[in-house]
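First to last, the protein sequences are chains A and B. Using my numbering, you'd call the opening residue of the first sequence number 19 and step up by one each time. Using my numbering, you'd call the opening residue of the second sequence number 87 and step up by one each time.
Bear in mind the hints are in silico, worked out from the structure with no lab data behind them. Backbone N, C-alpha and C define an ideal beta-carbon position, used for all residues, glycine too. Careful: at least some of the hints might be erroneous.
[To be verified] Which bits of chain A does chain B cover? Going by a derived footprint, with three or more residues having C-beta under 8 Å, they are:
1. 71-77
2. 119-126
[To be verified] Each pair of labels, with its calculated beta carbon distance range:
3. B/Glu142 <-> A/Thr129: 35 to 43 Å
4. A/Glu70 <-> B/Ser93: 32 to 40 Å
5. A/Gln74 <-> B/Asp137: 19 to 27 Å
6. B/Arg100 <-> A/Gln115: 38 to 46 Å
7. A/Gln74 <-> B/Arg100: 53 to 61 Å
8. B/Ser93 <-> A/Lys114: 29 to 37 Å
9. A/Glu47 <-> B/Glu142: 35 to 43 Å
10. B/Met140 <-> A/Ser98: 37 to 45 Å
11. A/Ser30 <-> B/Gly126: 15 to 23 Å
12. A/Glu35 <-> B/Asp137: 41 to 49 Å
13. A/Thr23 <-> B/Met140: 45 to 53 Å
[Said to hold, decoys possible] If we take Cβ atoms under 8 Å as the criterion, some of the chain A residues that face chain B in the derived model are:
14. Phe82
15. Phe86
16. Met113
17. Lys114
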Amino acid sequence: AQTVTQSQPEMSVQEAETVTLSCTYDTSENNYYLFWYKQPPSRQMILVIRQEAYKQQNATENRFSVNFQKAAKSFSLKISDSQLGDTAMYFCAFMKQLLNDMRFGAGTRLTVKP
Amino acid sequence: DVKVTQSSRYLVKRTGEKVFLECVQDMDHENMFWYRQDPGLGLRLIYFSYDVKMKEKGDIPEGYSVSREKKERFSLILESASTNQTSMYLCASRGSPTHEQYFGPGTRLTVT
Chain A
19 AQTVTQSQPE MSVQEAETVT LSCTYDTSEN NYYLFWYKQP PSRQMILVIR QEAYKQQNAT
79 ENRFSVNFQK AAKSFSLKIS DSQLGDTAMY FCAFMKQLLN DMRFGAGTRL TVKP
Chain B
87 DVKVTQSSRY LVKRTGEKVF LECVQDMDHE NMFWYRQDPG LGLRLIYFSY DVKMKEKGDI
147 PEGYSVSREK KERFSLILES ASTNQTSMYL CASRGSPTHE QYFGPGTRLT VT
């Protein structure tokens, strides 16, 4: 079974600074998808960024980027120029190609301080 | 915009009651999922469905059942609620080509 580990239960960062959230996963598959989801306080979970394992280039979405290290099975999320609205729980998730279930880590609670 | 709705945001039930949690999506997605979210444990998959009347067990199906009679609706049933089922329940749907899952707002269930 695939497992996803987020080793940082809580993190904080000053507004406008950069923060990196860690995620590692365990799989014997070669093709799969990785995701970061954001869950703001009392609001719906939304997708932040997605990475296909067959792509070597790291995904980027505006201030959000990933550092995907396939050999190390590591998938970290970097948030640049942090904003107060980035305060949320962040979940790393893994999905096998062609299978239906997505596996989530325990989450990292990020607080952006003014 | 994809919309996933859940029947209740907050629900309080007594031990032994039968509980229905409803989820509806409006994007004709084939796949629908039920998770429970607990602090320190993240999201754990209870059941999922990849088509009408089809269902698959997730990691923690014990004490739960599901129903998918129509493509847009996926129901989670607690046959006899217990206090250890107090949790946040999240529904999600996904269309196969994109692999992005869209989540509902969640139902916080308290069983007393």
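Consistency of the hints with the structure:
1. 71-77: Result for this restraint: violated, n = 0.
2. 119-126: holds (count 7)
3. B/Glu142 <-> A/Thr129: 35 to 43 Å: Holds, since B/Glu142 and A/Thr129 (Cβ atoms, about 37 Å apart) stay within the stated range.
4. A/Glu70 <-> B/Ser93: 32 to 40 Å: Holds - the Cβ-Cβ distance for A/Glu70 and B/Ser93, about 35 Å, lies within 32 to 40 Å.
5. A/Gln74 <-> B/Asp137: 19 to 27 Å: violated (35 Å)
6. B/Arg100 <-> A/Gln115: 38 to 46 Å: Holds, at about 44 Å.
7. A/Gln74 <-> B/Arg100: 53 to 61 Å: holds (55 Å)
8. B/Ser93 <-> A/Lys114: 29 to 37 Å: holds (31 Å)
9. A/Glu47 <-> B/Glu142: 35 to 43 Å: With a Cβ separation near 19 Å, A/Glu47 and B/Glu142 fall outside 35 to 43 Å, so the hint is violated.
10. B/Met140 <-> A/Ser98: 37 to 45 Å: With Cβ atoms ~43 Å apart, the hint holds.
11. A/Ser30 <-> B/Gly126: 15 to 23 Å: holds (18 Å)
12. A/Glu35 <-> B/Asp137: 41 to 49 Å: Holds, at about 46 Å.
13. A/Thr23 <-> B/Met140: 45 to 53 Å: For B/Met140 against A/Thr23, whose Cβ atoms are near 31 Å apart, the range 45 to 53 Å is violated.
14. Phe82: violated (15 Å)
15. Phe86: Violated: closest Cβ of chain B sits about 16 Å from A/Phe86, beyond 8 Å.
16. Met113: With Cβ-Cβ at 6 Å, under 8 Å, it holds.
17. Lys114: violated (11 Å)
Checked against the numbered hints given earlier, the structure breaks hints 1, 5, 9, 13, 14, 15 and 17 and satisfies all the rest.
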